[in-house]
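**Student:** Chain by chain, the residues:
There are 2 protein chains.
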Amino acid sequence: MEVHFRQKTENCEQAVELAGRHKSPAIKWSRYACMMGLLGSAMLAGATPNSGVGGGRASLSLMPIPASITRQAGVFPVSSSLTVQFATTHDAVLQEATQRALKRLEAETGLELSRKMDGVSGTFLIDVTHSAEAVQSLDEDESYTLQVNPIGIRLQAPTDLGALHGLQTLLQLVQVTPSGPSIPAVTIHDQPRFRWRGLMIDCGRHFEPLPVILRTLDGMEAVKMNVLHWHLTEDQGFRVESMRFPKLQEMGSDGQYYTQAQIREVVAYAHARGIRVVPEFDMPGHTTSWFVGYSDLASGPGPYAVQRRFGVHDPAIDPTRESTYKFLDRFIGEMADLFPDAYMHIGGDESNGKQWLANPRIRVFMHDHGIQNAAGLQVYFNQRLLKILTKYHKHMVGWDEILTPGLPKDIVVQSWRGVASLAQGAKEGYQGILSAPYYLDGMHSAETHYLADPIPDNTDLTQEQQALILGGEVCMWGEQIAPWTIDSRIWPRAAAIAERFWSPSTVRDVPDMYRRLDKMTLRLDALGLQQISGPQRLRRELAGTEAPWRLNLLLNAVEPVSFGERYTLQHTDQLTPLYGLVDAATPDPPLRHEFAEAVQRVLAQGGDSTEDRERLLHWLEEWRASDPELGLWMQQIPQLAPYSVEAHNLATLGVIGTESLSYLQGPLQAPPEWAQRALAQLQMIEQHKSLVRFVMIDSIRRMVLAAAEKGGQKK
Amino acid sequence: MEVHFRQKTENCEQAVELAGRHKSPAIKWSRYACMMGLLGSAMLAGATPNSGVGGGRASLSLMPIPASITRQAGVFPVSSSLTVQFATTHDAVLQEATQRALKRLEAETGLELSRKMDGVSGTFLIDVTHSAEAVQSLDEDESYTLQVNPIGIRLQAPTDLGALHGLQTLLQLVQVTPSGPSIPAVTIHDQPRFRWRGLMIDCGRHFEPLPVILRTLDGMEAVKMNVLHWHLTEDQGFRVESMRFPKLQEMGSDGQYYTQAQIREVVAYAHARGIRVVPEFDMPGHTTSWFVGYSDLASGPGPYAVQRRFGVHDPAIDPTRESTYKFLDRFIGEMADLFPDAYMHIGGDESNGKQWLANPRIRVFMHDHGIQNAAGLQVYFNQRLLKILTKYHKHMVGWDEILTPGLPKDIVVQSWRGVASLAQGAKEGYQGILSAPYYLDGMHSAETHYLADPIPDNTDLTQEQQALILGGEVCMWGEQIAPWTIDSRIWPRAAAIAERFWSPSTVRDVPDMYRRLDKMTLRLDALGLQQISGPQRLRRELAGTEAPWRLNLLLNAVEPVSFGERYTLQHTDQLTPLYGLVDAATPDPPLRHEFAEAVQRVLAQGGDSTEDRERLLHWLEEWRASDPELGLWMQQIPQLAPYSVEAHNLATLGVIGTESLSYLQGPLQAPPEWAQRALAQLQMIEQHKSLVRFVMIDSIRRMVLAAAEKGGQKK
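Chains as they are written, first to last, in the numbering used here: chain A, 4 to 718; chain B, 4 to 718.
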C-alpha cells in the first residue's frame, strides 16, 4: 500500500487556534510558520504545548514535548495490518530500533506486529537519509519529522538518530480508545534544544549490576537523553576491568566491576539507542581504590584499603612522578579503545591537596616548578593528563575545578557549582554542561528540577556564549542507592529534566508536566524500569505481606530526606544496609502534586472544587482514621518501629486538614487559637528529625492560613 | 566469643509431644530417635512437620521441611553483634554463600551484618569437612545439621553443598518479632530424599535473557533444587553459541542466544548455589533451527527457516550419514567443555520419522542395516550418539523415547509419560527422573503437583529398583512464556514440588503447604523473583494506571487455562504477543485455596466459621457489587474488552455464593429450583470458552449443594 501525504494548509488555522487556547508564546511561531509555509521544514523553533487540546480530542502526553506539533483531524488506526516500509536502504541500528518499537507497540496494543517489516510497501514509511555514525558524535543531526494521517505514518530524518527519537515520539502518541488503538493525525517537526542531554550514574560508591545500566539506557532512550556519563571510579570502588592493570579491579572493587565484554555490551546497547557513553575516571582525588592495587600511584605511603566512608578523602594521585604519567598513558590508552566516544571525563573534583602538601618530595617539586599551591599542582596534572587524552583523540571533560588558566578551549566543564559558574566558563570561552540543579540525591521535586534552566531567561550571555552551553546532566550520586532503589531515585524525575534539555525553553507548564509525567512513569514501568516495582517489593518485604496497604498509606505521603540529611542522621557508609523504610519511600511521590493542586483549586473556589474537596477529604479522613492502628502495627516490626511516630504525625495532618476544610467551607469560623496551634503542630512535624518527610505539609499550611484568614484574622 | 552446644536430652519429650499434636507418622521416628540418642547423627529419616507448633511459639515456615527438626526453648536473637566463624579452612564457594546469606539477613532485619566474618570467633559457627567439588556430582553428600540455641548457631556439614542448604534453612528460620529478629532454638538434621531435584527451562521456543536464568537459580537455591535442566535447542531457536559451528546460533536464533561467556557465568553461578547445569540438545527431531545454517544435517532438502509454529515437526537429523556424526562429535566435544556436568541431555522426544521415511537414500540405508522402522533408526542414532557422549565423558539423559533395547544401564531416562513408564524403566534397570506430573504449563494447582510422588506409596518396585528413581524435574515449557511471565508460571508452584523432591514422603499436609508457600512467595519475591511484580507490571500496563485495582478484582479470581486449551483457542505461535490478560493472570492464585479452605470450614461448622463466613461474604459481596462497572470499564480497553463477559460471570459467582451462604446460615430454605438454576449457571460459567478460568467454582458449587441439602433436597 502506498502512503500519501498532503500538506494541509487548512490545518494552520487549527494549530493556531489550539495554541491560542493555551495562551502559549508559541502562538506567534505557529501563525508565523503557517503563514510562511514552513511546516514542511525541520528548521523550526518554538513550541506548541500539546496539553489539554479540546474539541472532543484526547490530550496528548508527549514527553519531552516536541519543538513543533500540529494536530489534524482524524486518527491512524493501529491494526495488525500495519506494515513498515523503509524508503531507502537502512542499517542495522534502524532495523533493530524499528523492530523494538514494533514490539513495544505489540505490548501496548496486544496486536501481533513484530513481523510487519516487509520493506517493500507499508502504511508506516521510514525515510532516513544517512546511516548511523560508527561512533555517535556531539554534532550529529537529531531532528526528525513525523507525519500521521488517517491512512499512514511517515517518519523522515536526516540521520538514524532523528529516526530513533521519532520512533519514541510515535510510541508516545499511541492512544488506547474503546474503538481500538490509534495514533492521532499530527505533524511534528522536532529537534533538541541542547546537544548534550546526559545522565550521570555513580557506580563507584555503590556498584550497579549490568541489568540496571541496560534498563536505564532504555529509559533514557524513551525521553531522548543522549549521554550516559558513567562515573566508574571512586574512593569506594574501581568498577572497570583493566587488562593492563588488573589489580585496579581485582583489589579495588570487592569483586564488583564491569568486565570489558560488559562495557562493550553497554556501549553497543547505548549506541543502538542514540546514546553516547562518556566514562569518568575521577582524578587526582577520589582515587583510593586505585591505590589498593597500585600504591605507588599515591602521594602518600600505603598500604591502602577500599574506603568505606563517603566524603572528601586525602589520598590523591602523585602528579610529580613520571611513572604516574606512564601508568596513565597506558591506562587511558586502554580505556580509549574500550570507550569509543570522543569525550572522556577525568573528574578533577574535590581534590583537597592534603596528601600533596604533606609529602616533602612533592613540596620540593612544587618549589622547583614554581607551583604556588595545590590548585596549581592540579593545573599541572591536568595539563599533563590533557596531553595523554589528546594523544588518544579524546576531548577532556571535567568538573568545575578543571576550569583553570592554561587549558585549551576544547575541554568541556561540567558544573556542579551552578549556573553562574557555568556562565563564567562560557564567558571565558569554555564549553559547559550544567549539573548543579539536577542532583537527584537532593530529593527535590520534579518541578524544582524542571524549572531550572541551563540558560535562564535572564541570562547575560551573548548568543555565541550561549552556544557554548552544550546542555545539562542529571546526576545520580551513589552514596545511598542500591540496585533495588536506583530506579526510584532517577525516575520519573529525570524524565522531566530530559524535557528541559530537549524542549523549547518556553515549555514550563508545571501541572501539565506532572500530568504527562504520570503517563511517562507507566511507560517507563512497561519498559522494565523499576521505579514502581522496586519500592513495592521493598514494602512487601518490610511489611511481610503481599499487600502492604498499611505501609503504603504512610509511604505514599512521605519522601526521603536529602542525601545530606540522611547522611547526618544515619551516618551511612558503603556497607549500611539500604533496605529501610526510607529506601522504600520515593522522592516527590504523586500525592504531593495531586494534593497541592487540589488544595489550590479548592482555595481558589474553582468550578470543580467540590470534587477536589471530596478528594482531599478522602485522603485526610484516611490519615486521621489510621490512628492508632497504623502506629501500633508498625511497632510490631523492628524495622518500622522507629518510624511509628510518623504514623501519629500522619493522623495529625489528617486532623488539621479536615478541620481546615470545615472552617473553609462550613458555617463556623476558625478560632484564632486553633490556627496558632495547628501551625505550631505543622512546624513540629516538619522539624521532627527523621529519614522521611511529609510531602503535603506546605499545602496543609496553606489551608490553615486560608481558614484563619476567612475567620477574619491576619497572619 | 565461644559457642557452646549441649545435647539437651530433655527436649526429646518436647519433640515427641509436638509431633504428636499433629498426629504425624513422624512421631514414631521422633520417639525412637530420642530413645536411641541419635539426635546428633545426620543419618535420620522421617519428619516432624513443623507447622502450627503451639505453646505460645510462632509456627515455623520452612520449605522444604527438613528430614528432622526438634524445637527447644528460647531463641537466638539476631543482632549486629552476630559474627561468623569458620571451624576449618573454607573455600570461596562457602565464603561467598555465607556472605550472601548475611546480605539476605541484612535485608530481612535491616541490621548491618555483611562485614561480620572475622573467621576467628563468632556466634555463628560453620563447620564443613570437605570443600566443594570442582564439578558438582550427583552423589555428593547434601546433608547438614543446624543447631540454634539462645547463645549461638552451629552449622555442620560434610560438604559445602550441605552447608549451602543449611544456610537457606537458617534464613527461613528467622522470625521478625516486636522484640527484634530472632531464630528459634532448634536442632535440624536434614538431607534430601532424592538426589536429582531439577527444574527444566525451555529457552528454545522463547528465549529467556540471562537475568531470568540467574534469578531462577536464586529461587532454586532457596528451595534446595539442585539441577537446572537447560533446554537450549528447539525447532524455534538454537540458543547456545558454538564457535565451531557459528551458523547454528547466527542463523537459527533470531540473534537471541547465550554467548559462551554467559554460559560460563550461568554454570559458575549455579555451582556457587549447589546447582548442576545439565544442557539439553534435543535430537534428532526438534532440530529445525540447526538446519537453517547447516541444511546438510537434515534428512530432507532445504532451505530451512526458523520454525514459528509449535508442535511436532518433520525435520530431523539425518542419522545415516557419517558427516552427521563428524559434526556431532565436534559439536558435542565443544559443548562438553562448556558444560562441565557429567550428564548431557540429548532429548530424543517426538521424532516422527516422516522425513526419514520420505528420503529414498535413508530407506535404502535402513534396508541395508536391517532397520525395520523409524523407531529402529532412532535406536541406531542414539547408539552412535552415545559413543560420542561417552568419548567426552558424559552420561546420556533423554526423554522416554530413548528407553529402547541396546542402550547401557548408565543412561538416565526422563519420563514425560508418567510414573508407570518411569517404574517400567526402573524394572529394566534404568535410572529415571519423573517429570510428567510436574508440567507447569498444565496450569495445575500447587496441591496437585505436590501430591504427585516419584515413588508413590503403592509402588511395586523393590528397594533396589526404587533406588534407580533419581528424583524428579519440574518442567517449564516455553511455548507461552516470556521473560515477564516465566517467574509467575514457575513460582511459587515449583517450591511446593521442590519440597516433594526433598522432604520425607510423609510430608503431605496440603493446607500447611499452602501456609508455608505464601511465606515462600514473599521470600522469593525478596530475592528478586518476579512472580508478583511481573504480573503486577502487566496489569498496570493493561489497565493504564499505577493502581489497577479493578483488574485485580477479576485477576485475583482467575487463572490461565492450560497450555493446550490456550493453544486451541488462540493458536499461539512464537510471535504471538504475550501481553494479554491471560498473561497477567497467575496459576493457582492464593484466592483459590483461601476460598476453598474457608468454605470447607464453614460447611463443617468449625469453631471459627463466623470469621470464615465474613471473609467469604467480603469476597462475594465485592464480586457482586462490581457489576456492571467492571465490565463497562473493561469494554473501554480493547485488550480487556473480549474478557468483559468474565466480569459479569464474576458477579454471578458472587450472587450465587451469597445466596448459598444465606440459605446455609439463615432461616430460609433453599427452593429446589434455586439450586438447579445455580448449578446450571455454574456449569455455564465453567464451560465458557476463555483464556482464563475462575478458581472458586468448585467451592461455590459445594456451597450450593450444601445449601440445597440443608433445604431437604437430594442431588
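Among the clues, some could well be false.
A pair counts as met if it fits within one copy or between any two copies, since identical chains are not told apart.
[As the list claims (entries may be wrong)] Subject to a maximum C-alpha distance of 30 Å in a straight line, what follows is the list of computed BS3-like cross-link-like pairs (lysine-lysine): (1) Lys522 / Lys357; (2) Lys250 / Lys106; (3) Lys430 / Lys106; (4) Lys692 / Lys106; (5) Lys713 / Lys430; (6) Lys106 / Lys522; (7) Lys692 / Lys713; (8) Lys412 / Lys430; (9) Lys106 / Lys713; (10) Lys390 / Lys106; (11) Lys329 / Lys522; (12) Lys522 / Lys412; (13) Lys522 / Lys394; (14) Lys692 / Lys522; (15) Lys412 / Lys713; (16) Lys713 / Lys329.
Since the hints were made in silico from the structure, they are not lab data.
**Student:** For every hint, state whether the structure bears it out.
**Tutor:** Quick rundown of the hints versus the structure:
1. For the homomeric pair Lys522 and Lys357, neither the shortest alpha-carbon distance inside one copy (50 Å) nor that between copies (53 Å) is at most 30 Å.
2. Proximity of Lys250 and Lys106 under a CA criterion of 30 Å is satisfied inter-copy only: 25 Å between copies versus 43 Å inside one chain copy.
3. Neither within a single protomer nor between protomers do Lys430 and Lys106 lie at most 30 Å apart by alpha-carbon distance, with minima of 47 Å and 51 Å respectively.
4. In this assembly of identical chains, the alpha carbons of Lys692 and Lys106 lie at most 30 Å apart only when taken from different copies (28 Å versus 47 Å within one copy).
5. Taking the closest pair of Cα atoms, Lys713 and Lys430 never come within 30 Å of each other, the shortest separation being 52 Å inside a single copy and 92 Å across copies.
6. For the homomeric pair Lys106 and Lys522, the shortest alpha-carbon distance inside one copy (19 Å) is at most 30 Å, but the shortest distance between copies (35 Å) is not.
7. Proximity of Lys692 to Lys713 under the C-alpha cut-off of 30 Å is found in neither arrangement, the shortest distances being 33 Å within a copy and 62 Å between copies.
8. Taking the shortest alpha-carbon separations for Lys412 and Lys430, only the intra-copy value of 11 Å comes in at or below 30 Å, while the best inter-copy value is 84 Å.
9. Taking the closest pair of Cα atoms, Lys106 and Lys713 never come within 30 Å of each other, the shortest separation being 56 Å inside a single copy and 56 Å across copies.
10. In this assembly of identical chains, the alpha carbons of Lys390 and Lys106 never lie at most 30 Å apart, being 46 Å within a copy and 44 Å across copies at closest.
11. Taking the shortest alpha-carbon separations for Lys329 and Lys522, neither the intra-copy value of 52 Å nor the inter-copy value of 57 Å comes in at or below 30 Å.
12. With identical chains, the CA atoms of Lys522 and Lys412 are never at most 30 Å apart, being 42 Å at best within one copy and 61 Å at best between copies.
13. Taking the closest pair of Cα atoms, Lys522 and Lys394 never come within 30 Å of each other, the shortest separation being 46 Å inside a single copy and 59 Å across copies.
14. For a Cα distance limit of 30 Å, the shortest separation of Lys692 from Lys522 qualifies neither inside one copy, at 34 Å, nor across copies, at 34 Å.
15. For the identical chains of this complex, Lys412 and Lys713 are neighbours neither inside a copy (60 Å) nor across copies (93 Å), given an alpha-carbon limit of 30 Å.
16. Proximity of Lys713 and Lys329 under a CA criterion of 30 Å is satisfied in neither setting, with 75 Å inside one chain copy and 93 Å between copies.
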